[in-house]
Amino acid sequence: MDTAHSPTHSLNPEEHFIRAEPYYEPIGDEIAIFEAAYQNKLPVLLKGPTGCGKTRFMEYMAWRLKRPLITVSCHDDLTASDLVGRYLVKGGETVWVDGPLTRAVRVGGICYLDEIVEARKDTMVVIHPLADDRRALPMEKLGQLLEATDDFCLAISYNPGYQSVLKDLKQSTRQRFVALEFDYPAPELERRIVANEAKVDNAMADKLVKFAHMTRNLKGSGLDEGASTRLLVHAGKLIASSVDPVVACQSAVAQAVTDDPDMLAAIQELSASLF
Amino acid sequence: MASLTQAEIEALLDAWLEVEFTFHNVSPVAQSLCELDRGGQDFVLDWIKRIATTHITLAFNFAKRAPDLIQRFDKRVIEAWAVHLCDTYDRAGMYAALDIASSVGNFMQQRHDHAAGALFEDSAPVLGNFVHGLSGRRLKLEEGEAAWTDGEKIVLPAIVAAFESRIDNFKLTKAMTAFLWAQTRFGSLRVDIASVCAEYPDPARALTQFHGLETLRLTARLARELPGLHRDMTRLGADLGDRLDQSWSKLAQQLDEHAEIEDSLALLGRAYALPDFVPYSYQGTLNPEAVAAARAARLEKEKARLRVKLAEMMEEQQRRKPESAPGANEQPRFEAKSDETDGRLDLELTLNDLPIAPPDDVKQLMTSVFLDFGEIPPEYLVPAGDGEYDPSLYQDQPADPDAVWQGAYHEEGALLYPEWDMGRQHYRKNWCVMREKEVKPVHDDFPRQTLDKHAGLIKQLRKSFEAMRDENRLLKRQVQGDEVDIDALVEALADSRDGSEMSDRLFMHMHRAERNIAVAFMVDMSGSTKGWINEAEREALLLLCEALERLGDRYAIYGFSGITRKRCELFRVKTFDEPYTDEVKARISGIAPQEYTRMGFAIRHLSKLLNDVEARTKVLITLSDGRPDDYFDAYRGPYGIEDTRMALLEARRSGIHPFCITIDKDARDYLPHMYGAARYVILDDVAQLPAKVADVYRKLTH
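First to last, the sequence lines map onto chains A and B.
If you're matching positions, the first sequence starts at 1 in my numbering and goes up one per residue.
If you're matching positions, the second sequence starts at 1 in my numbering and goes up one per residue.
Keep in mind that the hints were calculated from the coordinates and are not lab data.
Predicted, not measured: the structure shown is a model, and the values here were computed from it.
Hints may be right or wrong, so weigh each one.
Stated by the list, open to error - Coverage of chain A stretches by chain B, computed from C-beta distances (three or more under 8 Å per stretch; other residues unrestricted): (1) 30-43; (2) 73-87; (3) 147-159.
As the list claims (entries may be wrong) - Using 27 Å as the maximum straight-line C-alpha spacing, the simulated DSS-like pairs for lysine-lysine come out as follows: (4) B/K476 with A/K90; (5) B/K608 with A/K210; (6) A/K219 with B/K301; (7) A/K219 with B/K476; (8) B/K337 with A/K90; (9) B/K309 with B/K337.
Each residue gets a CB set at the ideal place from its N, CA and C atoms; glycine is no exception.
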């Protein structure tokens with residue numbers, strides 16, 4: 001097959017530098033803390049509900065620190081070899097292939113393990129030696145110990161909102177990190193973010209933020225999580241493309257946060273009351 | 001199908017309404033019924049028969065009105081009305097139910113034929129969430145006769161049928177809900193309405209005018225806060241003839257979107273001189289006594305709670321940052337600021353000018369206090385001293401289940417469960433008053449004796465249970481995996497040299513399997529288990545625990561018994577989170593026969609507990625010695641069987657696997673029906689029980 005014309009580019013995570021400044025509104029002193037942690041070679045843990053800007057913050061910091069960003073979205077079948085690397089078979093021979101974590105350690109990038117609790121328990125142990133003052137990655141299958149360069153940085157994210165015993169972070173893991181807590185931005189700030197990202201006017205952004213607060217009031221009485229800033233931006237974008245606000249809130253927000261028909265109807269009533 | 005004749009209908013009514021004894025005059029009913037088509041006749045007759053199983057007089061009263069109603073309303077509405085009659089009878093007795101039967105006109109202020117009403121039971125799940133989404137105190141929804149609120153709950157009528165279409169009727173219900181919410185949220189209930197009105201010669205009239213002023217003020221406020229809703233309110237109101245009398249327009253102008261409750265109070269004198277305010281369709285009624293009672297009960301409690309919470313937060317703060325804590329001579333100073341811009345209600349808490357983020361429960365408390373005063377009074381922000389408050393003031397005491405029986409009967413601290421009434425073909429709401437109780441542990445020799453007696457069996461059980469533990473397995477020859485499968489690779493290379501196709505299954509993958517099972521055991525503790533059966537049950541539970549510990553499944557054990565619906569009891573032997581300790585063993589020893597076998601509530605409660613546990617497979621195993629039964633109660637016989645069956649069906653529907661083990665030898669006639677949704681096994685010999693229970697469990701979850 002001739003792939004010369006297809007616009008796909010090969011995955012070269014160590015070259016993934018972020019060139020343009022990502023839009024990021026700081027909610028506190030998280031930028032200063034991250035920088036200080038980076039300078040002192042401390043790993044960082046980002047805590048907070050989904051869609052409140054953790055990943056965007058990482059992109060912003062990668063841009064600011066001018067390091068490549070390697071993001072791994074963890075899932076429940078993610079094993080240690082997926083991170084470190086494995087032997088593959090090529091033309092009758094076995095060839096070692098580095099995993100994303102190993103690549104980041106080698107080139108001194110920022111490795112961001114998103115939603116780390118989703119990964120298998122044994123996966124987490126692999127990052128332990130990297131996350132303390134040893135800063136080394138043992139590669140059992142190669143019989144090597146890979147030491148991280150000074151530029152390397154490990155960051156993980158975690159959503160404490162799950163409140164499931166099965167998906168909690170072990171003390172031995174969490175006590176290795178500098179923790180940064182993220183939450184939904186304050187109303188003013190959130191309005192600015194929505195207006196800026198979705199290109200809607202301030203009045204509409206205000207209403208969207210108010211709507212988000214209504215859904216966040218429902219957390220715990222039927223909803224696991226209220227509408228995130230990301231969902232508001234989605235709704236805002238639909239509205240900017242002249243979708244009716246109530247319909248936009250239903251498709252971009254309500255359907256995204258729940259499947260329960262009563263809850264969907266209730267959220268629909270809330271947005272219909274507001275717009 | 002041809003319509004029934006008057007004589008045929010009379011014969012049916014004679015039988016159902018026991019005319020021989022009750023002397024109800026059923027001829028007029030039969031006469032009006034015979035004018036309906038067969039569908040209408042069947043519908044009404046069916047409901048007469050169903051209500052008659054609850055109470056004959058109630059059924060007769062329904063029968064007198066139904067033929068007229070069916071001409072005017074949707075069948076759904078009449079059905080809801082019939083259920084509402086029965087519910088009221090269950091809850092408040094005959095007089096209250098007859099009252100509703102005779103006031104049928106009020107509740108159905110109908111304007112359209114065959115109106116499709118909005119039923120409370122349909123609207124409540126949606127509007128309950130709706131009202132939680134709006135800011136402020138969490139209000140509960142309840143069904144009642146009229147629309148009103150006491151600041152903690154919103155009462156809505158059972159049926160709203162002012163419009164022809166169901167959507168409009170629902171919208172009206174929503175408008176009522178939002179309006180009643182606004183009374184709590186925007187301060188209407190902050191004042192002592194009764195004493196304000198008492199200053200006027202005619203307090204009732206003053207109340208009407210006050211309600212009118214508040215209706216205007218809150219409507220204006222809602223126009224700003226919830227413009228979409230306000231559009232609906234205006235449209236529905238216009239259709240229903242909400243008109244503002246000319247004389248009121250001046251006052252209405254002053255009550256704009258920024259007006260507060262003080263403005264309404266200031267205008268009350270002028271309003272009193274005006275003609276009576278004609279109520280708006282969505283305003284409901286004001287109930288100053290209920291508001292004052294709820295508020296009085298709330299204030300002290302919340303003050304205590306808030307102050308205790310603040311003390312806890314202060315302690316926490318000091319633990320975390322000892323250096324920033326106020327010195328011994330500096331008083332800790334909490335302050336709260338409210339921000340109500342854009343209709344949000346943000347309360348900011350500071351400790352010695354440093355902002356602190358209160359946890360959710362404290363936020364809720366502060367919100368609630370704010371709604372009562374329009375601010376957080378300074379005395380509420382003084383952290384409580386040590387032992388300043390009796391914990392009973394600020395904690396929801398789990399009421400001692402036995403204490404409630406001393407003195408006047410009340411249902412405090414109990415959970416209410418519905419029960420299926422086969423005659424009515426409908427649930428009896430909040431019918432069973434259920435309490436969880438502790439089994440009194442008995443520290444005796446029973447566990448040790450049992451373990452000795454069944455030592456051989458235990459060994460065997462442990463072995464077979466251990467075999468069920470899902471071990472990690474290395475899966476070979478996989479398409480993907482962590483390591484290269486050298487055997488497969490060598491074979492594949494040989495194949496390719498041979499010229500045959502090379503397999504792509506060259507990897508090994510470690511399969512890590514986890515058992516993810518939660519099981520609840522529901523043990524019969526009725527009086528009839530006395531003796532052999534009780535002993536066998538206890539032995540069976542002990543053996544099971546021994547075996548389950550090997551398996552690592554989460555399990556809970558509860559005993560059930562009760563006497564009448566007012567006293568349904570579940571005895572905790574072991575909860576899901578509790579480890580298997582000597583205490584649990586002692587409680588198993590302590591399982592003793594109690595009263596009767598009412599099963600429905602126990603199945604429903606344990607289903608609820610199971611559904612709260614996070615597990616892939618959920619199993620409910622009931623151990624009983626016979627058919628459902630209760631003291632001088634309809635529960636004996638088919639009623640109990642049908643309710644148990646329904647409870648099992650509900651469990652099944654919610655994703656639980658019910659399984660029943662029975663020792664009743666005569667059970668074969670009703671069990672297949674009752675356990676329709678569950679699988680079951682009948683044991684002929686009690687002595688088999690210990691071995692069998694573990695065996696059943698093994699087969700069930702393997």
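Hints, verified against the model:
1. Taking a C-beta to C-beta cut-off of 8 Å, the stretch 30-43 of chain A contributes 0 residues in contact with chain B, too few for the three needed, and the coverage statement is violated.
2. Residue count for the stretch 73-87 of chain A with a Cβ under 8 Å from a Cβ of chain B: 5. That meets the three needed, and the coverage hint holds.
3. Counting residues of the stretch 147-159 of chain A whose CB falls under 8 Å from any CB of chain B gives 0; the rule of at least 3 is not met.
4. Between the alpha carbons of B/K476 and A/K90 the distance comes to roughly 19 Å, so the proposed pair stays at or under 27 Å and holds.
5. Note on B/K608 and A/K210: the hinted pairing is violated, with a Cα-Cα distance of about 34 Å set against a maximum of 27 Å.
6. Of the supplied pair hints, the one linking A/K219 and B/K301 holds, its CA atoms being roughly 25 Å apart against a limit of 27 Å.
7. For the given pair, A/K219 sits about 45 Å from B/K476 by alpha-carbon distance, which is inconsistent with the 27 Å threshold.
8. Pair hint B/K337 plus A/K90 does not hold up; C-alpha atoms about 67 Å apart against a cutoff of 27 Å.
9. Taken as a hint, the B/K309 and B/K337 pair is honoured in the structure, with Cα atoms around 18 Å apart against an allowance of 27 Å.
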